[in-house]
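Full structure from sequences and hints, please.
Protein chains in written order, with our numbering: chain V, 422 to 770; chain G, 291 to 632; chain R, 19 to 353.
Take the hints with a grain of salt, since some may be wrong.
Simulated crosslink set (SDA-like; lysine to any residue; CA at most 25 Å straight-line) [claimed, not checked]:
hint	chain 1	residue 1	chain 2	residue 2
1	R	28	V	572
2	G	405	R	341
3	G	418	R	259
4	R	152	V	461
5	R	158	G	307
6	R	158	G	352
7	G	407	R	270
8	R	152	G	596
9	R	28	R	343
10	G	407	R	20
11	G	407	R	21
12	R	158	V	461
13	R	158	R	244
14	G	407	R	245
15	V	635	V	655
16	G	405	R	158
17	R	28	R	95
18	R	152	G	374
19	R	158	R	25
20	G	405	R	263
21	R	158	V	751
22	R	28	V	577
23	R	152	V	460
24	R	260	G	378
Sample of chain V residues at the chain G side, in silico, Cβ under 8 Å [unchecked claim]:
hint	residue
25	751
26	754
27	756
Since the hints were made in silico from the structure, they are not lab data. Backbone N, C-alpha and C define an ideal beta-carbon position, used for all residues, glycine too.
Given next are the chains, with one letter for each unit.
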Amino acid sequence: MTNISSSAVVAEAGGPLVPEGLPTEPQKAKPAWRSLNFGPRMWISLGIIGFVAALAFIGPLFYPFGPEEKVGSLYDQPTWMNTPPTFEHILGTENFGYDVLAVLMASARNSIIIGLLAGTIAVVIGVAIGVIAGYVGGWVEELLMGFTNIVLAIPSIVILILISISLQSTGVPFLKGVVGLALVIGVTSWPWTARAVRAQASSVATREHIDVAKLSGARTPSIMVRDVLPYLASYAVMAWVLQLASAILAESTLSMLGLGPAGANSLGKQLFWALAFQAVATGAWWAFLPPTIVLTMISFGLLYLQSSLDEVFNPRLRRGKKKNLAKAAARREETARKLAENPPVEVNA
Amino acid sequence: MTSILMRATNLTAVYAADSGQDVPAVDNVTLEVPEGQIVGLAGESGCGKTTMGNALAMIANPPLYVVAGTMEIDDEVIDLSTLARGSNEAHRPYRGATVSLLPQGAMNAVSPTLKVKNLVIDVMRAHKRDTTVAEAMDRATDRLKMLEMPTRVLDSYAHQLSGGMKQRMVTVVSTLLNPKLLIADEPTSALDVSSQKALIEMLLAMVEKKIMRGVIFITHDLPVLSMVTDRLAIMYAGKIVENGPTEELVNNARHPYTSALLSSVLDPTEETRTKHVLGIPGSPPNLANPPSGCRFHPRCQFAMDVCKTQEPKFLNEHNHEVACWWANDHAYETVPMEVYKA
Amino acid sequence: MGLRRYLANKTVWYLGALVVAVVLNFVLPRLIPGNPVDVLVSKMGQGGLSSEAQQRTYEAFMREFGLDKPIWDQFVLYITGVFHGNFGASFSFYPTPVSSLIAQSVPYTLALQLPAIVLGWIIGNLLGAIAAYKGGSWDKSVFTTALLFNSTPYYCLSIILLYVFGVVLGWFPVGGAYSLGSSPEWSWAFFSDAITYWYLPFASLVLINIGGQAVGMRSMAIYELGSDYVNYSRSLGIGDRKMTGYIFRNAMLPQITGLALSIGTMVGGALITELVFSYPGMGSLLFGAISSNDYPVIQAVTLIITVAVLVANYMVEILYGFIDPRIRASKSGEK
Numbered sequence: 422m423t424n425i426s427s428s429a430v431v432a433e434a435g436g437p438l439v440p441e442g443l444p445t446e447p448q449k450a451k452p453a454w455r456s457l458n459f460g461p462r463m464w465i466s467l468g469i470i471g472f473v474a475a476l477a478f479i480g481p482l483f484y485p486f487g488p489e490e491k492v493g494s495l496y497d498q499p500t501w502m503n504t505p506p507t508f509e510h511i512l513g514t515e516n517f518g519y520d521v522l523a524v525l526m527a528s529a530r531n532s533i534i535i536g537l538l539a540g541t542i543a544v545v546i547g548v549a550i551g552v553i554a555g556y557v558g559g560w561v562e563e564l565l566m567g568f569t570n571i572v573l574a575i576p577s578i579v580i581l582i583l584i585s586i587s588l589q590s591t592g593v594p595f596l597k598g599v600v601g602l603a604l605v606i607g608v609t610s611w612p613w614t615a616r617a618v619r620a621q622a623s624s625v626a627t628r629e630h631i632d633v634a635k636l637s638g639a640r641t642p643s644i645m646v647r648d649v650l651p652y653l654a655s656y657a658v659m660a661w662v663l664q665l666a667s668a669i670l671a672e673s674t675l676s677m678l679g680l681g682p683a684g685a686n687s688l689g690k691q692l693f694w695a696l697a698f699q700a701v702a703t704g705a706w707w708a709f710l711p712p713t714i715v716l717t718m719i720s721f722g723l724l725y726l727q728s729s730l731d732e733v734f735n736p737r738l739r740r741g742k743k744k745n746l747a748k749a750a751a752r753r754e755e756t757a758r759k760l761a762e763n764p765p766v767e768v769n770a
Numbered sequence: 291m292t293s294i295l296m297r298a299t300n301l302t303a304v305y306a307a308d309s310g311q312d313v314p315a316v317d318n319v320t321l322e323v324p325e326g327q328i329v330g331l332a333g334e335s336g337c338g339k340t341t342m343g344n345a346l347a348m349i350a351n352p353p354l355y356v357v358a359g360t361m362e363i364d365d366e367v368i369d370l371s372t373l374a375r376g377s378n379e380a381h382r383p384y385r386g387a388t389v390s391l392l393p394q395g396a397m398n399a400v401s402p403t404l405k406v407k408n409l410v411i412d413v414m415r416a417h418k419r420d421t422t423v424a425e426a427m428d429r430a431t432d433r434l435k436m437l438e439m440p441t442r443v444l445d446s447y448a449h450q451l452s453g454g455m456k457q458r459m460v461t462v463v464s465t466l467l468n469p470k471l472l473i474a475d476e477p478t479s480a481l482d483v484s485s486q487k488a489l490i491e492m493l494l495a496m497v498e499k500k501i502m503r504g505v506i507f508i509t510h511d512l513p514v515l516s517m518v519t520d521r522l523a524i525m526y527a528g529k530i531v532e533n534g535p536t537e538e539l540v541n542n543a544r545h546p547y548t549s550a551l552l553s554s555v556l557d558p559t560e561e562t563r564t565k566h567v568l569g570i571p572g573s574p575p576n577l578a579n580p581p582s583g584c585r586f587h588p589r590c591q592f593a594m595d596v597c598k599t600q601e602p603k604f605l606n607e608h609n610h611e612v613a614c615w616w617a618n619d620h621a622y623e624t625v626p627m628e629v630y631k632a
Numbered sequence: 019m020g021l022r023r024y025l026a027n028k029t030v031w032y033l034g035a036l037v038v039a040v041v042l043n044f045v046l047p048r049l050i051p052g053n054p055v056d057v058l059v060s061k062m063g064q065g066g067l068s069s070e071a072q073q074r075t076y077e078a079f080m081r082e083f084g085l086d087k088p089i090w091d092q093f094v095l096y097i098t099g100v101f102h103g104n105f106g107a108s109f110s111f112y113p114t115p116v117s118s119l120i121a122q123s124v125p126y127t128l129a130l131q132l133p134a135i136v137l138g139w140i141i142g143n144l145l146g147a148i149a150a151y152k153g154g155s156w157d158k159s160v161f162t163t164a165l166l167f168n169s170t171p172y173y174c175l176s177i178i179l180l181y182v183f184g185v186v187l188g189w190f191p192v193g194g195a196y197s198l199g200s201s202p203e204w205s206w207a208f209f210s211d212a213i214t215y216w217y218l219p220f221a222s223l224v225l226i227n228i229g230g231q232a233v234g235m236r237s238m239a240i241y242e243l244g245s246d247y248v249n250y251s252r253s254l255g256i257g258d259r260k261m262t263g264y265i266f267r268n269a270m271l272p273q274i275t276g277l278a279l280s281i282g283t284m285v286g287g288a289l290i291t292e293l294v295f296s297y298p299g300m301g302s303l304l305f306g307a308i309s310s311n312d313y314p315v316i317q318a319v320t321l322i323i324t325v326a327v328l329v330a331n332y333m334v335e336i337l338y339g340f341i342d343p344r345i346r347a348s349k350s351g352e353k
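This is the structure:
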């Protein structure tokens, strides 16, 4: 039996167990939205997209020239390259004598509209099919996924070309133009989204809250919409961004082949005319560089946005902000040093 | 008096939370493992036992940082801190060979594209570069035979094994290099009862055959603890509150938390019908802002004024430690838990 | 699922996809109300043929292309023709058979696409893996560059490369596949000439492929870094290098599947690249055919593209079955 009664007093004399160095008050809690981790990536991508959108939708309100106004002749160089330089037509004229900047704004607008339409259609179809296949399972899933896989395997460009050729000579006017093209692209590009969504829906379907919903008598469509869909929100958003990008690119690919929207400008169509009139070979860079750059900006902006969203929704991909890490590491070293200098008293009778 | 295999002193480990603050998950803890014994580490979820296991096994990864702590094992003193740049490389030779971790959830512990035997070869080569394939295979097959496991496990991929078999296989791999100390982190949690029994028997056999010289058994499964462990350490809110021989803790708990925890498990006996189980009111504290003084005081029915202001010192009663002011005042007394008779 | 079942499964539905593709290839262009021969003959009429002569030509063409028969017969003709490699005669280059037009253009397309896909995959994955492993600023710069390349459409990069290196700097020729005056032959002189025309189009394809693979591989590798098996191997004292080996072996698997999925899109975009460089591959052939409504050529090219993509996909999927141990060595289920 050892002496015990005075151990508390003895320990007290040796100093407090916990050195003052360790933080005992919490720092001010940061507002919730800060923790959503909107990194610089997101701001850059939103900035790029914003710029292009402004160019497409706000620009025409201020720019004096229209996209079908003949203001010059074939490939007039930009006026600031003239002597004396003026800023009347900063991007010169294209092959029909129209102001390039005006055409660029109209093209960007159409390309974006087609992208939005087609992308949204594709996401709606893809999510619908994915959720039904993933949640219902069984032979419905097999059927839908088999169908999806076949559509996926056949290169979409081929389908698009074949359908567009048909549409070219159709009598129905709106099918040839922007809307028709958007419809066609939307209806052929959903398989990727459907696959991704199905995988998620499958795993959500096994969660407990679904059982609860079923037990409380909710019917299948209601369960799918109210209990499964919210969990797929992050995927749906990312898929939408990707579909947007791919739709815009698909449209410009078709346009470059000569299958673009009839009677409307688009970025791809600008490139088509540039190639047709040998803009590259003759060095008329103002005719093809602007649409190329804008197209790349849209594509890059959207893909960059998607990858930053991926980081927001998928914490495992986060690699941490440098600034905070350095500060935190310094703080820890401080703490460690303090602990080493004042080793807490051990009590062992 | 048995000799001490391992003694970890002043271990502090923090998590870097998203808010930028460091949360101490293990707060200045000292733990000993006597030679040849199994020490249980128990507590509610979030009390810091897994973190402690990671810190002791020297595998703490950011956002977990071991800020301070030393381990004395067999005359060697190892600095457990992971703040310095070279600490990862410095700790590597000890991992698996001196201290080994048996992970929670062996389900995905092996890479899906790696055959078990290749993992074995890689583990042995990591510590002794010139190990030949034959040597590695010999060691593995010997160990498997010793523990009565089929040797075909070596030729399999992880997905070809059942859950229980996987856990036991991982146990074999974790102890291949005869680590002095094995830290088993919730090894039985994901298993069915018969697999649990097989695993526990295997662990006991291994200790008996001196493959390991000591085990820290982390779990929240209290019945398993009382079956397996020789000593028991109870953790609460990042600190150890009581530490002593299992039998004494079970029958003669000295800390109110220990008593409440252990009595929350019902024995299916006649007496139980007459007893009223007292839950522990409240919930574990936020480690970012723990209560002042004794961390348990908000939920403790024996709390006194001193408990709110001062952190209790360890009281050592013949190999049984407790950190509690009430225990200080009532030497050697078991914590009385009220029982209502029907 | 066992290997055999996997192989059988894949074979069956790739055959199914093939059937669907062939049918679609036949049906879709025929959704047009109207007769392509009309267009053709009216074009000829602009050249001054008498209406009588036009009528005779019209009937001759109708017979020639089997357009006077009911649609089911046309389909049968089509299928049998395809199996014999006979795609009929081109409208625009009548009477040149479509198959010889294709035979001339396929080598150029293959010369561009095959190395671009293979090299792009290998280099891209290596780059992405290294970036993920090293982390830090190296990772950031590689990722942003790769993403930039990946998001640039093939033809946009083509145009930029052509302008900068071909027109402005004059280091590379501006179009075509070989110099005027030389003709294709299996000679060293021809190759060394033709390759200068090949660099820019190849570069625009391969750079983007590298970018795409690097981005994908990096994401997969970073994801794997957080896996249980990485933590476990680390706890056993296994070194960083070995662990990265594990990670890449695992991250590689979805990359192979990804390759299968992306071949279709790659081929599409790459065809347009040919247009930019006036490179006489299938893309240019297709473009010309579309502008002149040359339906036999359009149909044949789309069919070949589809079949090639399906075959490539199929081979990649089969390869995957042999590489992924979860498929190759299936569950035996012992306790």
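Verification of the hints:
Simply put, residue 28 of chain R and residue 572 of chain V have alpha-carbon atoms about 15 Å apart, close enough for the 25 Å limit, and the pair holds. Pair hint residue 405 of chain G plus residue 341 of chain R holds up; C-alpha atoms about 13 Å apart against a cutoff of 25 Å. For the given pair, residue 418 of chain G sits about 16 Å from residue 259 of chain R by alpha-carbon distance, which is consistent with the 25 Å threshold. With a CA separation close to 21 Å, the supplied pair residue 152 of chain R and residue 461 of chain V stays within the 25 Å bound.
Between residue 158 of chain R and residue 307 of chain G the CA atoms are separated by roughly 24 Å; this keeps the pair inside 25 Å, and the hint holds. Among the hinted pairs, residue 158 of chain R with residue 352 of chain G is consistent with the structure: their alpha-carbon atoms are about 20 Å apart, no more than 25 Å. In summary, the hint linking residue 407 of chain G to residue 270 of chain R is supported, as the alpha carbons are separated by about 21 Å, within the 25 Å threshold. As the CA atoms of residue 152 of chain R and residue 596 of chain G are separated by approximately 53 Å, the hinted pair breaks the 25 Å bound.
The straight-line distance between the Cα atoms of residue 28 of chain R and residue 343 of chain R is roughly 17 Å, inside the 25 Å bound, and the hint therefore holds. Distance restraint check for residue 407 of chain G and residue 20 of chain R: the Cα-Cα separation of roughly 22 Å lies within the 25 Å cut-off, and the hinted pair is therefore satisfied. As the CA atoms of residue 407 of chain G and residue 21 of chain R are separated by approximately 22 Å, the hinted pair is consistent with the 25 Å bound. Among the hinted pairs, residue 158 of chain R with residue 461 of chain V is consistent with the structure: their alpha-carbon atoms are about 12 Å apart, no more than 25 Å.
In summary, the hint linking residue 158 of chain R to residue 244 of chain R is supported, as the alpha carbons are separated by about 19 Å, within the 25 Å threshold. A threshold of 25 Å between alpha carbons decides the hint, and for residue 407 of chain G with residue 245 of chain R the separation of about 20 Å falls inside it, so the pair holds. The hinted pair formed by residue 635 of chain V and residue 655 of chain V meets the criterion: a straight-line CA distance of about 24 Å does not exceed 25 Å. For the suggested pair residue 405 of chain G and residue 158 of chain R, the alpha carbons sit about 34 Å apart, so the restraint of at most 25 Å is broken.
Restraint check for residue 28 of chain R and residue 95 of chain R: not satisfied, since their Cα atoms lie roughly 29 Å apart, outside the 25 Å limit. Between residue 152 of chain R and residue 374 of chain G, the direct Cα distance comes to roughly 19 Å. Compliance with the 25 Å bound is thereby established for this hinted pair. For the given pair, residue 158 of chain R sits about 40 Å from residue 25 of chain R by alpha-carbon distance, which is inconsistent with the 25 Å threshold. A hinted pair counts as satisfied when its Cα atoms are at most 25 Å apart, and residue 405 of chain G with residue 263 of chain R qualifies at roughly 14 Å.
The hinted pair formed by residue 158 of chain R and residue 751 of chain V meets the criterion: a straight-line CA distance of about 23 Å does not exceed 25 Å. Note on residue 28 of chain R and residue 577 of chain V: the hinted pairing holds, with a Cα-Cα distance of about 20 Å set against a maximum of 25 Å. With a C-alpha separation of about 21 Å, the suggested pairing of residue 152 of chain R with residue 460 of chain V holds against the 25 Å cut-off. Annotation: proposed proximity of residue 260 of chain R to residue 378 of chain G holds, straight-line Cα distance about 15 Å (limit 25 Å).
The interface hint given for residue 751 of chain V is violated, since its Cβ lies 10 Å from the closest Cβ of chain G, which is over the 8 Å cut-off. Interface restraint check for residue 754 of chain V: the shortest CB-CB distance to chain G comes to about 6 Å, inside 8 Å, so the restraint holds. Because the closest C-beta pair between residue 756 of chain V and chain G is about 5 Å apart, less than 8 Å, the hint holds.
Hints 8, 16, 17, 19, 25 from the earlier list are contradicted by this structure; the remaining hints agree with it.
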